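*Asks:* Here are the chains, one letter per residue:
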Amino acid sequence: MDNSVAIGRAQARYVRCIDDGSLDDWPGFFTEDCRYRVTTADNHRRGLPAGLIWADTKGMLHDRVSALREANIYEPHSYRHMLGQPAILAESGGEVESETSFLVLRITGGGPTDVFASGRYVDRYVVRDGEALLRERVVVCDSSEIDTLLALPL
Amino acid sequence: MDRLSGTTAGQARDRTWPRSLTQVPYWAFQDEAVYRAEQERLFHGPYWSYLCLEAELAKPGDFCATFIGEQPVLVTRDVDGEVYAFENRCAHRGALIAMADHGHARDFTCVYHAWTYNLQGDLTAVAFAEGIGGKGGMPPEFCMAKHGPRKLRLAVVHGLVFGSLSNEVPDIEEYLGEEILDRIDRVLGGRRPVVLGRFTQMLPNNWKLYVENVKDSYHASILHLFFTTFGINRLSQRGGIIVDSSGGHHVSYSAIDRSAAASTEYSEQRIRSDSEYRLADPSLLEGFSEVGDDITLQILSVFPGFVLQQIQNSVAVRQILPRSVERTKLNWTYLGFESDTEEQRLVRLKQANLVGPAGYVSMEDGGIGGFVQRGIAGASGEYATVQMGGESAASSESRVTEASVRGFWKAYRGAMGYDLADSPPDDTRPGRHRRARVSRAGREDA
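If you read the protein sequences in the order shown, they are chains S and E. Counting along the first sequence from 1, when you hit position 113 you're at 113 in full-length UniProt numbering, and nothing is skipped either side. Counting along the second sequence from 1, when you hit position 365 you're at 365 in full-length UniProt numbering, and nothing is skipped either side.
Simulated from the structure, these hints should not be mistaken for laboratory data. No experiment lies behind these values; they were computed from the predicted model shown. Heads up, the beta-carbon is just placed ideally off N, CA and C, and yes, glycines get one too. The reader is advised that the hints may include incorrect statements.
[Stated by the list, open to error] Distance windows between CB atoms, simulated:
#: 1; chain 1: S; residue 1: Asp129; chain 2: E; residue 2: Arg323; range: 50 to 58 Å
#: 2; chain 1: E; residue 1: Gly94; chain 2: S; residue 2: Asp2; range: 22 to 30 Å
#: 3; chain 1: S; residue 1: Asp2; chain 2: E; residue 2: Val291; range: 48 to 56 Å
#: 4; chain 1: S; residue 1: Asp2; chain 2: E; residue 2: Arg192; range: 45 to 53 Å
#: 5; chain 1: E; residue 1: Arg374; chain 2: S; residue 2: Arg69; range: 31 to 39 Å
#: 6; chain 1: E; residue 1: Gly81; chain 2: S; residue 2: Asp24; range: 38 to 46 Å
[Unchecked claim] From the structure, some residues in chain E lie toward chain S, with a derived Cβ separation under 10 Å:
#: 7; residue: Arg186
#: 8; residue: Gly189
#: 9; residue: Gly197
#: 10; residue: Ser283
#: 11; residue: Tyr334
#: 12; residue: Gln344
#: 13; residue: Leu346
#: 14; residue: Leu349
#: 15; residue: Phe371
#: 16; residue: Ala384
[Unchecked claim] Chain E regions said to be covered by chain S (calculated; three or more residues, Cβ under 8 Å):
#: 17; stretch: 200 to 211
#: 18; stretch: 352 to 359
#: 19; stretch: 362 to 369
All chains, please: the whole structure from these sequences, using the hints.
*Replies:* Given below as structure tokens:
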């Protein structure tokens, strides 16, 4: 199968998992050996390494989910991700580098729908047997400002 | 310097402030006139505001665009190697002189009419000053030296750059006092910080609610459940609260008690056996002694809006900037040090998960101020009560106290120039458990 089709499918399922499904399934979109980071365009451009969320193991992704469920306190809210088409930047062997624009709306309680974040996923996928898994995802938010807090992953 | 006239504002309205430090009137978080008076009396007044890190001005020509309260400010390093700060506002028509947050420049040229300033903030060129063909231009008596943005007073403390718009502000050593200086020195002294990342959190609340939150050691183990939920036993922690004599600055700290840890391996202590939950990757909390002592947490604040944080090996500075009565900009700068090993750098990046807008132990603070702001709507005549640990604003060995919150209000009400008044006792205040029913027969009070 074409890599862009496999990545497109994986990303559609990824956002459905966060927006409408169970967050417990979210780490399943990553390979066992993986990295995930949320940062801003300014930090990314300057090569500053810290993240709002920073994980270099799948265990850390599971810990994010269980902390949100069991420990952290925040007003209930949900996201609606709108994704652009993935741009395939490099392919070699089973590894694919791609970038995809995103827009995330946040719906807080019964209240308003707000534009929460826009940006791009800078990804490294591993594609095997038509299935694409994330080896690395850097979520680069366009704005340097986060409104109130970032609980659910992007 | 002559133009830094200090406090010129009159007394903030005809409000009075409760004499007891245990009462905080809710109107202080709601009133537009209070907000305006704060800009004059606190942020333009005889106080030091954090501007940026010296490390962000490594080379001559580097600059940071930052703020004192709402006021935009440029901080630069000139070719003489010194740090300078001046208003980020063109002396001509008031446009921003520089728009990038951080950058490098030989000089600054206002985009509007190309008035040019050097790195010390002196006006050096006015476009078409001589006119064209002998016509137009500035009047001959125009003197560039008399036109320029106001220059700030500056102080650098262990790489932290503070500025003031007032000539009346005391020297920074006197302002901070020995105890606060010692605790800044503990984290930053003798080390060269490296910026690991910068993040901005927009808070849906008055800036003072965030300051209170920083100073409130009482809430930490109650609101922030990350450590307790995951059974991370932080052992018997010794620590305390330091409140400086002005009340405005504070330090809260705690340390591992190694005598308690000695009986069992610390790594085994970390997972409470009866806890249902545990971290899938406990390496998050595998750190190192930050500066060779046992202190794993030190939160330090400087009046009015600066925080230096060490939470395990997550070191950061926070700049609290009011944006409106109900909106606050919180700038986080995550730090490492040039002396860090690769492993230590990795620990810092991992432990940054604890703090910031998505932090395991700080994300709640992004929401709680908004809950208070919404909760106190319609209650401008009521008071918050901060009685935990007594009525004073003194240092203590217990962290189950609101002493440093009271300290903030002690410094604040003094700075704002409020007259103090005894507030009415609770039972004379209206609206307590009175009901009225209206029926078809008419109104009857119950």
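*Asks:* Against each hint, give a clear statement of whether it holds in the structure.
*Replies:* Comparing the hints with the structure gives:
Roughly 52 Å separates the CB atoms of aspartate 129(S) and arginine 323(E), a value that falls within the hinted 50 to 58 Å. Our hint of 22 to 30 Å for glycine 94(E) and aspartate 2(S) is violated, since their Cβ atoms are close to 56 Å apart. Hint check: aspartate 2(S) to valine 291(E), Cβ distance near 54 Å, so the stated range 48 to 56 Å holds. A beta carbon spacing of about 50 Å between aspartate 2(S) and arginine 192(E) agrees with the range 45 to 53 Å that was offered as a hint.
Range check, arginine 374(E) to arginine 69(S): Cβ separation about 25 Å, and the 31 to 39 Å hint is violated. Distance hint check: the CB atoms of glycine 81(E) and aspartate 24(S) are about 55 Å apart, inconsistent with the given range 38 to 46 Å. With a cut of 10 Å, the hint placing arginine 186(E) at the interface with chain S is violated, because the nearest CB-to-CB distance is about 22 Å. For glycine 189(E), the suggested interface contact is broken, since its CB lies about 23 Å from the closest CB of chain S, more than 10 Å.
Taking 10 Å as the C-beta cut-off, the interface hint given for glycine 197(E) holds, the closest approach to chain S being about 3 Å. Hint status for serine 283(E) relative to chain S: holds, with the closest Cβ pair at about 8 Å, below 10 Å. With its C-beta approaching chain S no nearer than about 5 Å, tyrosine 334(E) sits inside the 10 Å limit, and its interface hint holds. At a threshold of 10 Å, the smallest CB-CB gap from glutamine 344(E) to chain S is about 13 Å, leaving the interface hint violated.
Look at leucine 346(E): its Cβ gets to within about 8 Å of chain S, closer than 10 Å, so that hint holds up. Nearest Cβ of chain S to the Cβ of leucine 349(E): about 5 Å, under the 10 Å cut. The hint holds. With 10 Å as the threshold, the beta carbon of phenylalanine 371(E) comes within range of chain S, its nearest partner Cβ sitting at about 8 Å, so the hint holds. The restraint placing alanine 384(E) at the interface with chain S is violated, with a minimum CB-CB distance near 20 Å, outside the 10 Å limit.
Counting residues of the stretch 200 to 211 of chain E whose C-beta sits closer than 8 Å to any C-beta of chain S gives 5, which meets the bar of three, so the coverage hint holds. Here's how the stretch 352 to 359 of chain E fares: 5 of its residues keep a CB closer than 8 Å to some CB of chain S, so the rule of at least three is met and the hint holds. Residue count for the stretch 362 to 369 of chain E with a Cβ under 8 Å from a Cβ of chain S: 4. That meets the three needed, and the coverage hint holds.
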